[in-house]
Amino acid sequence: MTSTSLMMIILVILPFYSWCATPTVAANLSPANIDGLKAQFQTAMKSFSDVASIHYTLAGIKELGVVPPDTYCNDIKKLVDKSDVESIFHATEAARALANCKLPAEEYRALLTSTLQSDKSTTAEVYYAVRASVNLGLNVDESRVEKRLNALAKTDDSVASQGYALLTGAQLSQPIAKFYADTINDLVQQADEVDGRTLQYEGGVGTTALLVNAFYEVAEKAGVPVKIDPKQLIKFASYFSTKRHVATLRSAYYLTKVFKYLSDRKNTIPVVVSRTTPAAVSAQNPSVFVSVSNLFGQPVGEIFVVAESAKRKEDGAVVISKQKLTAKDSTSSIFELPFYDAKIPRGFYTIHLTLTPRGDEKLIGLTDNTIEVKVTSEAALENAELNVADRDSTAQAKTHKLTYPNALSEKLDLHSHQKLIIKFQVKDKRTGEYVRTQQAFIRFTNKKSKKEIIYLAEAVSGATAQYKAEMDLTSNAADFRYQSGAYDLVVIVGDSLLQNAFEWKVNDNVQLTFHEDSLADKNHQDLYLPRPEIIHQFRVEEKRPPTIVSLVFSGLTLLPLLILLVSWLRLGFNLSGMPLGLSPLVFHASHGAAFALMFVYWKYLDMFQTIRYLALISIPLFLAGHRVLAILAARREKKV
Amino acid sequence: MGQLGEVAGILRKLYDEYRTTTPKKLKLIDAYLVYVMLTGIIQFAYCLLVGTFPFNSFLSGFISTVGCFVLAASLRIQLNKANQSTFNVTPERAFADFVFAHIILHLVVMNFIG
Numbered sequence: 001m002t003s004t005s006l007m008m009i010i011l012v013i014l015p016f017y018s019w020c021a022t023p024t025v026a027a028n029l030s031p032a033n034i035d036g037l038k039a040q041f042q043t044a045m046k047s048f049s050d051v052a053s054i055h056y057t058l059a060g061i062k063e064l065g066v067v068p069p070d071t072y073c074n075d076i077k078k079l080v081d082k083s084d085v086e087s088i089f090h091a092t093e094a095a096r097a098l099a100n101c102k103l104p105a106e107e108y109r110a111l112l113t114s115t116l117q118s119d120k121s122t123t124a125e126v127y128y129a130v131r132a133s134v135n136l137g138l139n140v141d142e143s144r145v146e147k148r149l150n151a152l153a154k155t156d157d158s159v160a161s162q163g164y165a166l167l168t169g170a171q172l173s174q175p176i177a178k179f180y181a182d183t184i185n186d187l188v189q190q191a192d193e194v195d196g197r198t199l200q201y202e203g204g205v206g207t208t209a210l211l212v213n214a215f216y217e218v219a220e221k222a223g224v225p226v227k228i229d230p231k232q233l234i235k236f237a238s239y240f241s242t243k244r245h246v247a248t249l250r251s252a253y254y255l256t257k258v259f260k261y262l263s264d265r266k267n268t269i270p271v272v273v274s275r276t277t278p279a280a281v282s283a284q285n286p287s288v289f290v291s292v293s294n295l296f297g298q299p300v301g302e303i304f305v306v307a308e309s310a311k312r313k314e315d316g317a318v319v320i321s322k323q324k325l326t327a328k329d330s331t332s333s334i335f336e337l338p339f340y341d342a343k344i345p346r347g348f349y350t351i352h353l354t355l356t357p358r359g360d361e362k363l364i365g366l367t368d369n370t371i372e373v374k375v376t377s378e379a380a381l382e383n384a385e386l387n388v389a390d391r392d393s394t395a396q397a398k399t400h401k402l403t404y405p406n407a408l409s410e411k412l413d414l415h416s417h418q419k420l421i422i423k424f425q426v427k428d429k430r431t432g433e434y435v436r437t438q439q440a441f442i443r444f445t446n447k448k449s450k451k452e453i454i455y456l457a458e459a460v461s462g463a464t465a466q467y468k469a470e471m472d473l474t475s476n477a478a479d480f481r482y483q484s485g486a487y488d489l490v491v492i493v494g495d496s497l498l499q500n501a502f503e504w505k506v507n508d509n510v511q512l513t514f515h516e517d518s519l520a521d522k523n524h525q526d527l528y529l530p531r532p533e534i535i536h537q538f539r540v541e542e543k544r545p546p547t548i549v550s551l552v553f554s555g556l557t558l559l560p561l562l563i564l565l566v567s568w569l570r571l572g573f574n575l576s577g578m579p580l581g582l583s584p585l586v587f588h589a590s591h592g593a594a595f596a597l598m599f600v601y602w603k604y605l606d607m608f609q610t611i612r613y614l615a616l617i618s619i620p621l622f623l624a625g626h627r628v629l630a631i632l633a634a635r636r637e638k639k640v
Numbered sequence: 001m002g003q004l005g006e007v008a009g010i011l012r013k014l015y016d017e018y019r020t021t022t023p024k025k026l027k028l029i030d031a032y033l034v035y036v037m038l039t040g041i042i043q044f045a046y047c048l049l050v051g052t053f054p055f056n057s058f059l060s061g062f063i064s065t066v067g068c069f070v071l072a073a074s075l076r077i078q079l080n081k082a083n084q085s086t087f088n089v090t091p092e093r094a095f096a097d098f099v100f101a102h103i104i105l106h107l108v109v110m111n112f113i114g
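Note that the protein sequences, when read in sequence, are chains A and B.
One point on numbering: in full-length UniProt numbering, the residue at position 434 of the first sequence is 434, and numbering is uninterrupted.
One point on numbering: in full-length UniProt numbering, the residue at position 45 of the second sequence is 45, and numbering is uninterrupted.
Rather than coming from a laboratory, the hints here were simulated on the basis of the structure.
Just so we're clear, the structure is a prediction, and the values are computed from it rather than from any experiment.
Hints are supplied without guarantee of correctness; some may be wrong.
Examples of chain B residues lying across from chain A (beta carbon under 8 angstroms, computed) [as the list claims (entries may be wrong)]:
(1) K24
(2) K27
(3) A31
(4) Q43
(5) V50
(6) T90
(7) F95
(8) A96
(9) V99
(10) H106
(11) V108
Backbone N, C-alpha and C fix where the C-beta goes; we use that ideal spot for every residue, glycine too.
Chain A on its own, in the form it takes in the complex (with noise of 0.2 angstroms):
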């Protein structure tokens, strides 16, 4: 295979597949957390620090349908600064919630209009100046903001300012926020797409609500709808149905005001499907209730909800095709779905529904809504026995018959020769079927210390499904820690498509008897406390003979020398040839000096300095050795 074709192979599949990957369960939203909005700006309002904060809280809970008292206008006056043109706007914003609350606008005059006038002011700063003046009543020379926008539009191309941008222009003319109303659409396509579901800006929460709220708020006073494609509507309204709660107060207001917008009737509306019931469908819960609803959790109109297949998670059939759900209110709100039948098995359910309105209401969202079920069935367990077998032979030694609940009554002795063997099934009432579960276990408790020693039950593969659990008194001695003692004994049966689960006490005195000696148990608290301190044990010396033998060998080692010298005057050494002279004189010192100096540096020095000393000893001594070879060589010659 070339690498072309290779290439070309994963260029078409590698598309097929992501595609088929992309999980069609799209954008599922829920409602706004309203409660939780609301608590937030309840609990604000307790204190302000600054004017900010009384601003969002103010308005945000007007918002939500609450009017705050006018007690709070004396805080705005306090804690307004009149020299930054952000806290002014805060501060007028924090009036128009209230009532009656009256702020001085001659004192505010002079800074805003110098902010509008002056050539270094951001588009936020511009926004907050136009937006006071308007709150205070004051005129605006609308021809200058609109060429301090344009000039600023040119230096700052951020989404916060253009968002800033398009406020402004929501509080001038008609015309001038027409011209801003149709660059929402570029704004748009600048927002981050987020796993193919959700449309943010950079910045969280508090921004992409502030940019969103002025998509609307400059549509709104052009006169326009806002145009933005509602696949992407849908992303942005995912986004932030997911923030069920905010950090900041800031983030709250406009998230609030966000929602109010997606939830207005003149808008495009987002709906939210859920399900009201619990996940579990059974005899008891045949049905599943679905609310159809806003992002505020309002109603939307008469509507029409369709389910157009169930499917089956773990092998996908298919249970229901194009069933029509039942309201169950005049509003349209909540719908219901009979799932339970005995044509549907047990098991985990994805519900794919389709709405349809009954006007021509602008809702997006009505496809691609799932929810998901679980049908589950009562079990019981049957054909329970426990036998007690000799660990070597295979024949049985006793076999108990169990029925569920009922305990046995006797008192079981275990030997350390044998083992316990409990077999039981779980059968699904409905179908009558032997199922498996995902749990099957039995559990031994000791009785003085409750400790527990639990075992898997396994089931042999097949349609009979039994489950078979064994404890060997020899094998699995080491579980207990060798133990004897009593114990009881229970059977634990659970899965989470079954409606019952068993937790069978089979026996209360199980006497085992362990051939070893207990251990203690192990101390698992222990772990999380300080741990014996570990002193650091230096290398142990290596054993040394006795000194004495040491200094008898090395005395033995200098007796060879002795039979040495011993056996030289035997031979007849004699040192009358040696020339006598300076040269020899030389030769002699230096050599001695050379052994003398291996001695010290055994002693004293380094290899670096005994080379240095050696080069120094070893001139004289090659230079007198010479001579005094020089010399016996003559000698010889001379005797030849």
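Using the hints provided, position chain B relative to the given structure of chain A.
Below, chain B alone, put in the same frame as chain A:
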């Protein structure tokens, strides 16, 4: 029994011939060789007795005896007039080499003795 007597006879003959034909100089060196060998044996016996710790010291001492033995043996070979044809060195030169090699050997041994 007879073989043992034969071996003893050969050894005696060897010893007599050695005594008569070997020059004095070489006999002196032979005595020196025996001395070195004995020292080596005693060191080795000590090591077998008490163990090898410290190993470097044992090695250094033992290598010292082995080195001295080898150098002395090579000096003997070079001084032996019977080998004059193979080696073309004067006795003085052989001795000078002997001294030079010994200095290096002792340097190494002292370094290793620890």
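Going through the hints against the structure:
This hint holds: K24 (chain B) has a C-beta 6 angstroms from the nearest C-beta of chain A, less than the 8 angstroms allowed. At about 5 angstroms, the closest approach between the beta carbon of K27 (chain B) and any beta carbon in chain A falls short of 8 angstroms, and the interface hint on this residue holds. For A31 (chain B), the shortest C-beta to C-beta distance to chain A is roughly 4 angstroms, which falls under 8 angstroms, so the interface hint holds. The beta carbon of Q43 (chain B) comes within 6 angstroms of a beta carbon in chain A, closer than 8 angstroms, and the hint placing it at the interface holds.
The criterion of a C-beta within 8 angstroms of any C-beta in chain A is met by V50 (chain B), whose closest approach is roughly 4 angstroms, and the hint holds. Because the beta carbon of T90 (chain B) sits about 6 angstroms from the nearest beta carbon in chain A, less than 8 angstroms, this interface hint is met. With a cut of 8 angstroms, the hint placing F95 (chain B) at the interface with chain A holds, because the nearest CB-to-CB distance is about 7 angstroms. Nearest Cβ of chain A to the Cβ of A96 (chain B): about 6 angstroms, under the 8 angstroms cut. The hint holds.
The closest approach between the C-beta of V99 (chain B) and any C-beta of chain A is roughly 7 angstroms, which is under the 8 angstroms cut-off, so the hint is satisfied. Below 8 angstroms, beta-carbon pairs count as interface contacts, and H106 (chain B) has one with chain A at about 5 angstroms; its hint therefore holds. Interface hint status for V108 (chain B): violated, as the beta-carbon distance to the closest one in chain A is roughly 10 angstroms, over 8 angstroms.
When each numbered hint is compared with the structure, a violation occurs for hint 11 only.
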